[in-house]
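J.: Single-letter residue listing:
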Amino acid sequence: MNNTRRNFLKFAGLTAAGLCVASAGSVIAAGTGSTIKDGEKALKAKRWGMVIDTKKAGTKEAIDALAKACHSVHNVPDIPGTQNVKWIWAVGFEEAFDQPNNYMDESLEKRQFAVLCNHCSSPSCVRVCPTKATYQRPDGIVAMDYHRCIGCRYCMAACPFGARSFNFMEPRLHLDLANLNKSFPTRMRGVVEKCNFCVDRLADGKIPACVEASQGALVFGDLSDPASEVRKVLREHYTIRRKPALGTEPGVYYII
Amino acid sequence: MLEKALKGSPKYYMWIGFLLLIILGASGVYLMQLMQGLTITGMSRDVSWGFYIAQFTYLVGLAASGVMIVLPYYFHHYKKFKDLVIFGEFMAIGAVVMCLGFIVVDIGQPQRMLNVLLYPTPNSILFWDMVVLNGYLILNVLVGWTCLEADRQHLPHPKWTKVLAYTSIIWAFSIHTVTAFLYQGLPGRHYWLTAILAARFLASAFCSGPAILVLVILLTEKVTTFKANVEGIATLAKIITYAMCVNVFFFLLEVFTAFYSNIPGHMHSLVYLFKGVHGHHELVPFMWTAAALGLGSLALLIPPKLRDNIKLLPWSLGILVIATWIDKGLGLLIGGFNPTPFETIAPYWPTGKELIISLMIYAIGALVVTVLFKIATEVKEETGASQKTAETAEAN
Ligand code: SF4
Ligand code: SF4
Ligand code: SF4
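Chains as they are written, first to last, in the working numbering: chain A, 1 to 256; chain B, 1 to 396.
Treat the hints as calculated values from the structure; they're not laboratory data. There may be inaccurate statements among the hints.
FRET-style restraints, in silico, Cβ to Cβ [what the hints assert, rightly or not]:
1. B:MET35 / A:ARG235: 31 to 41 Å
2. B:MET35 / A:PRO244: 36 to 46 Å
3. A:ARG137 / B:GLY25: 40 to 50 Å
4. B:LEU6 / A:LYS182: 35 to 45 Å
5. A:GLY39 / B:THR351: 42 to 52 Å
6. A:SER107 / B:PRO264: 38 to 48 Å
The C-beta atom is built at its ideal place from N, Cα and C for all residues, glycine as well.
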């Protein structure tokens with residue numbers, strides 16, 4: 001029996017050694033990474049949300065301008081092909097909303113819709129993340145810790161809105177390094193990223209970059225405050241959300 | 001016992017050398033992936049999991065399959081499986097090692113993998129998958145190794161191994177259920193969002209897994225003095241047949257639900273896989289091949305005359321393995337991601353590099369299985385159990 005145990009231990013040791021090699025000399029990942037500190041003028045809310053007036057920002061050009069504002073502030077690389085990264089972009093009605101209509105009026109058929117992370121109230125991406133690298137803040141923003149993300153991409157499979165991008169390659173290869181925004185980090189290869197509702201700018205007292213660039217087409221504010229501008233706009237217009245049937249409770253509303 | 005793996009015939013050394021060569025060569029490509037990122041794969045923003053995770057899913061089935069031998073042996077005292085049990089357990093070890101390997105090569109930041117343990121997140125199914133897979137590995141190593149060592153010394157198996165063996169039987173169901181839960185709990189992925197997915201996973205595992213196991217055992221018989229109990233193999237073939245029938249039945253349930261309800265979301269993936277949409281037909285030939293081979297394997301397995309024909313059996317099992325592999329190792333993943341959340345089609349095909357890295361993991365698995373089977377067959381030879389010359393294996 002002794003012999004058994006000794007042999008087993010030998011074997012167990014070997015297995016353990018093998019596993020260590022398999023995990024490619026795993027190092028304990030350091031630190032919890034970037035938690036954004038609120039400044040003195042920080043904008044605060046109970047539940048941040050957004051309303052997009054698609055009549056005002058309804059063309060590819062208009063939405064590209066929003067994307068440009070966002071992507072330059074957040075150092076989002078411009079990668080050609082299907083392994084691209086994008087935080088906000090333009091799609092047609094049927095791509096954005098699960099309600100095909102065979103006889104839609106022409107203006108709607110041509111209209112483009114800005115899509116971005118919905119900062120859902122019951123986000124499936126947060127539910128599946130095995131490291132809490134994607135997490136929900138008390139103010140409703142679904143934020144990410146790029147230093148903790150292991151790049152398993154489970155959140156990408158879980159997000160029904162296609163809001164997430166993975167850094168398949170070194171993003172710096174596709175960034176204009178001379179014109180980086182120094183106050184926001186660039187990401188490393190192998191992590192997931194998406195729109196962060198500009199947590200970085202809110203902490204500095206600034207509204208989101210896309211909202212600022214939208215000339216009033218995008219409204220951002222506290223959904224829980226009946227007196228807020230978003231609530232005012234929501235009261236005055238008929239709005240819809242993307243795929244409400246899935247129960248994620250998106251925080252981005254569209255005026256059609 | 002490990003020393004048994006070090007002594008062998010020239011053929012054995014050549015095989016080991018061949019596997020090591022593959023692993024070494026392919027690890028160069030893996031190094032390239034580590035340096036350049038997953039961009040060397042065919043995956044994209046829309047199809048964010050690919051060949052690696054598909055192989056992982058398929059191999060979890062192989063890992064769970066040993067239970068089709070262990071369960072009848074322990075729960076029903078089916079003695080004909082006595083000498084097969086160890087192979088089921090060792091196969092499970094090889095399969096789990098490959099599963100873990102496919103996870104490691106798939107993630108973008110492998111050096112951070114321990115984050116899953118440092119920040120345990122019980123609401124993530126991936127966390128539980130890691131727990132059950134590693135647990136299953138440990139259970140099989142403990143039980144398999146200890147029992148084999150006891151056999152070698154003509155000692156009765158220690159009592160605790162029985163407790164662990166019972167645990168591992170339940171556990172085997174959990175690894176495949178939890179792996180199915182990875183998929184079936186995701187909103188908006190219609191092909192996966194179905195309560196029967198876990199059941200389908202189990203059915204497919206319980207036919208394809210033992211089929212691979214039987215094929216490997218038949219191969220083992222060719223190269224060693226080991227001779228499996230003929231009745232045992234026949235029983236296993238029967239189990240495989242039942243499981244495959246259930247597997248096909250479950251799939252047809254999906255087809256009925258999708259097409260009779262006529263709900264586009266439910267039909268889309270199936271239509272894309274079997275007919276093609278928006279001018280994309282990438283998987284159509286594969287899926288029909290799988291359908292034809294699946295039914296073909298049933299035609300060869302259901303009639304007892306054909307099933308019991310030991311010359312024909314490897315062929316029947318071979319086509320069954322191909323059919324289930326296309327279904328679960330290819331169709332399930334790509335069909336789940338297509339149509340995309342934008343109702344578009346994003347074709348995916350693994351790149352050569354992706355296939356080479358997958359080959360590396362398969363070679364590692366083959367190496368583990370070879371070494372473990374070598375040890376097991378040598379112990380059997382030493383103790384004279386299930387040998388070619390012997391008439392039948394002694395009952396207990
Ligand atoms: S849109 Fe997607 S990524 Fe954003 S919070 Fe909702 S589920 Fe998560
Ligand atoms: S890729 Fe990163 S953020 Fe997404 S689930 Fe994995 S660890 Fe979480
Ligand atoms: S809210 Fe901020 S991060 Fe999100 S799309 Fe707009 S600018 Fe980009």
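J.: Now look at each hint and say whether the structure bears it out.
T.: So, going through the hints one by one against the coordinates:
no. : hint                            : result
1   : B:MET35 / A:ARG235: 31 to 41 Å  : 54 Å, violated
2   : B:MET35 / A:PRO244: 36 to 46 Å  : 43 Å, holds
3   : A:ARG137 / B:GLY25: 40 to 50 Å  : 47 Å, holds
4   : B:LEU6 / A:LYS182: 35 to 45 Å   : 58 Å, violated
5   : A:GLY39 / B:THR351: 42 to 52 Å  : 46 Å, holds
6   : A:SER107 / B:PRO264: 38 to 48 Å : 25 Å, violated
The structure fails to meet hints 1, 4, 6 from the earlier list, while all remaining hints are met.
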